[in-house]
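All chains should be built: construct the whole structure from the sequences, respecting the hints.
Heads up: the sequence lines are chains U and A, in that order. For the first sequence, our numbering gives the first residue as 1, with consecutive numbering after it. For the second sequence, our numbering gives the first residue as 1, with consecutive numbering after it.
It is possible that some hints are incorrect.
Dumping the calculated SDA-like pairs for lysine to any residue here, alpha-carbon to alpha-carbon at most 20 Å [unchecked claim]:
1. Lys200(U) to Lys428(A)
2. Lys265(A) to Lys428(A)
3. Lys23(U) to Ile372(A)
4. Lys407(U) to Thr276(U)
5. Lys361(A) to Phe440(A)
6. Lys99(U) to Thr512(U)
7. Lys202(A) to Ala178(A)
8. Lys361(A) to Asn151(U)
9. Lys188(U) to Lys398(A)
10. Lys361(A) to Ile622(U)
11. Lys154(U) to Phe453(A)
12. Lys359(U) to Ala491(U)
13. Lys361(A) to Asp105(U)
14. Lys270(A) to Lys482(U)
15. Lys599(U) to Arg578(U)
16. Lys200(U) to Thr399(A)
17. Lys154(A) to Met611(U)
18. Lys265(A) to Lys407(U)
19. Lys270(A) to Ile622(U)
20. Lys265(A) to Met474(A)
21. Lys586(U) to Arg289(A)
22. Lys482(U) to Asp50(U)
23. Lys23(U) to Gly368(A)
24. Lys154(A) to Gln608(U)
25. Lys357(A) to Pro432(A)
26. Lys361(A) to Ile38(U)
FYI, nobody ran anything at the bench for these hints, they're computed from the structure. Since this is a predicted model, take the numbers as computed values, not measurements.
Chain by chain, the residues:
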Amino acid sequence: MIGPNNVILIPILAGILAYFLGKVVKPAREGLTLGSVIAVCYLVFRMPFDKVISYSYSFKLPYAFGSLSFGTNALTSFFAILIALSYLFIAFTAFALVKDKDYHDTFYLFFNIVAGSLLGIVYSRDLMSFFIFWEMMTWSSYFLVIMNAKNPRKTGLTYIVFNVAGAYAMLTAMFFVYAAAGSMQFDKVATAIALMPNTKVLFVSILFAIGFLVKMATMPLHVWAPDAYTESEDSFTGFFSGTLSKMGVYGFLLFFATIVGFANLKGISSIKDTPTVGYVIAWLGVITSIFATFRAIVQDEVKRLLAYSSIAQVGYIVTAMSLGTALGIAGGLYHAVMHTIMKLLLFITVAGVIYRTGKDRFSELGALITRMPLSFLAVLFGIIGLAGMPPFGGFASKWVIYMSLLKSHNYFLLVAMIVSSTAAFLYCYKLIYGIFLGHPSSPDLMEVKEVPAFLWVAQVPLMLALMVFGMLPGLLVPYISKAVAALGFNAAFNSTNMYTLSAALGGFNGFTVINVLGVIFVVVLIWYTLFFPKSKKLHRLDIYYAAETPTEETPLHYGYGIGAELHRIPWVGASLRRHITTFYEKFAEQVNGIASVLKDILFNGDGQIYMLYAVLTLVAIIMFLGR
Amino acid sequence: MSWFSPILMIAVPLFIAFLIPLLGYIHKKAGLYAMSLTLLFNMLTGFYFLPKVMVKPIRVIVAGYKPPFGINLAITPFSIFLACLISTMGFLVSLYLLKDNTTETQEKFAMLILLVVMGSTGIVLTGDIFNMFVFLEITSISSYALTAIKKDRKGSEAGIKFLLVGSISSTLLLLGIALIYNQLGTLNLADIANRFSQMNPKVAFLAVSFLFIGFGIESEMFPLNAWAPDVYQGAPAPVAALFSAVTVKAGLYAMVRFLFTVAAKSVFIKLLLVFGVLTVIVSELSALRQNDVKRMLGYSSLGQIGVILFAVGIGTADAMQGAIFHFVNHAVLKATLFLSVGLLAKAAGGSTMEDLKGIGKKYPFVAGVFGIAALGVMGFPPLNGFVSKMLILMAAAKTEHIVLIMLILAASVIEGVYYFRVLQVMFKEPEPTRIEKKAFPVLSLVPLVVLVFAIIGIGLFSGYLMPYLKGAAMDVMNRSTYIAAMLGSNGGAL
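Shown next as structure tokens:
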């Protein structure tokens, strides 16, 4: 049987082969990627969902590593399916959008390697293989970030510094537990941590948390994310924000729930029946979502808005998970799925829009609804999900998160989260208005075509998924329950059929909700069609102006102005003007300063001084050790 | 085949080196080919003896005087392993040189390179401390000449600095050896090791300190390495590759052999730990602000040496295994980096960031090789640098050096910054128009291809190397077996 270890190798080998074969036959790149996508999807789905299987695999690695072990359980399968499907959709997007670019060859190389390393992360069963694939994800995604970046220097360096530093924080913690456990296997490490003194457990937890929070772009470690999401290659961004960030979620759950155990952390110190570490991270998550939401509203670049929105949404997941309750984790997993679907859908659509129009700012777009009806619908579905409104999937997941906060009596967290989700309406509105409604900013927008047909392959299933999960919110329940059970928690839900989602504090029937809303929608639609005559087709300059005639250059689209007023709100305005980036820039300046001083003083180019160093070192050794 | 002895690895290159000026009369290129063939011979001889020595160390007696009286070669797993590494790297660099050097100095070039490789091989193979000193001198003096061979300002200046600091090293080494000889009346390494405790402790301490600094200069330990960046920048790229792959390794060998086998002074081994971490931090920080890529690589090389010194300083068998592994990886990676930058710099007309802008689009293959090697140096899986770095850090974790691990990882982040900056400059800047694309000679590309396969292959299949590394590490850690093999009846001739 083909085990998880081989599934990992498929995309990686396909990527490498695609690079070299593609030099000879260009379509080989797409062909091999497609083959790998199909193989991965088939194998991932064929693997039994909640069976615990483990494999070990020896690359003839040194004895110290032992052999790398891989395996699968419900949590792993849950994330593996997420990865496989995103891989599929993004591959189709890339087929349409990357084909004319000059980085056609390297894109498929790195994209496939990233996909393989994500699978590696979830299938690994020891810290060493986890770290190996984590690092592979870091470097391969780096190249995808700078591939098409406008400002590769800043974006790339910030990305790599934060992610490598996060990975090394994790590595330090790994060595710490390795020293205690003498092994890197997850189960042995867990046993060793249970016996560790409290301070060490805290130290290890914080270091691991840093690694995962960087990946999830939680404040104050989020600095790399807006730039990287915005500037990465368009067709990859959906994978980047939708799926790569979920590796932080996976790692967080894996580490805090199975390796250390929330109960263990709670025993060390707790606030309101939540482990202190978890409580602090929960607040970080919710603060992240508030600030990122406000930031999202004022953006003019489409992808940057989505980037901040992504940071905010992952913030909800962080908050829900770090409570360490069954319901919280279930909510986090549920929202992880929904967020992946929404962000894939939105980023893929936006990538298509940018591809067709060549414009990536709200101030340059507008009124595309007639030209791109499918994309309009896709964004509409996406923002309904993002806003967490019924009848689509986003509602169910957010509802579970709210319930978990209520049940654990974290009312302030709940209030803060509601503030951020309400403010999210604004950017959702801006997203759809700025691109599809209002007046076109330039005449050539009226000439564009619908996004390429390959993108429909991604858009339509994702839209359907959002609808189906809204209609049948109980559909995901068994899978989430199994994943939560794999983490050692009791069942979070008490739903029995797929129409309803119910847990401790109540439930709702998604099927009824969507039917009622559907009926209302149809009634309104009929009413409008009957009583309001069809609007007249106008030229974009047919507009009433006070005593002046607009020209082709006059900006007519005011959709991009949404959010400007936020700057005038006292506290919000102040928060928007401050950037944590300044702090990091200062820090980098200091390091650079030290480096310059070291370089100029120590390596000053004077041979006699170099001789002096040798003599002084000798003297120092004799003085200090000679006694 | 009693005539086929490891001593040929020293004798043949020495003989050919002196023959090269004469060969120049036959054909202009004869010297260069002779160099390559000799190094190939050295490599093959090394690999022929490697499995044999792994089973049983070889003691080669010269001129019939049995140790401890005569000069003998002590060929133990660690030394033959390094001899193989040195001759292999030397051979690859020499292939690169065959087409690279078109000036009229090529005979000198070939001769000096042979001497450097011969000297380094001598250092690792010899069983006599004075002999080791002589080989070190041969290596150093040829290195000074090689540094300044281009006769430009940078090269000559670097050569002078190298000479100044190198002379201190020789002086201290000689003093240290004299002190030991004064006390014990012997120069044989095994004999000194055997009777080291008989020395007056104060004199012994002084001797070890002298030798520590002397070898420290050769192995580029901070703060004794200030000359090194100048040399890496000033010397021609293949020479820089040779230095970081060959001569430093010989210096490190001398340091390890002396501290572990001969003196067994735990204080000095602990001192290596401190100096190693200092070397890593200072070098990586200094590299951050470099504008010249070759100089930056020099600093980065020092940083890697720091990691090796740190690993040696941990002093456990695991760490030693990681350190020896890092010897190999550092040699492979740095040689790749210097050679590829050498090619690119020749095409671009200089090795500063400004010169190399967008060069990756012009020469995707060579720049890609540079990129892979850079990822390897930074320790990204699945490349070779990752495996040895992990082994070293795991050994450090086992001995609870968590703070030092954190310092080294912090320095690695800085390393990431400057390497990725170079990659970004190479691949993301617009393609330069001033450079006309010329194909590189195939012989210069062959070593790069071999090295890239080594980088990936060692990373994936490091398990095949492990028995050798284990043998070498055991050889370093068990001084009593070394002494027994070299002095007693245990070790045999061929």
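Starting from the hint list further up, note which numbers the structure goes against and sort them upward. Going through the list in order, the structure violates hints 1, 2, 6, 10, 11, 12, 14, 15, 18, 26 and respects the others.
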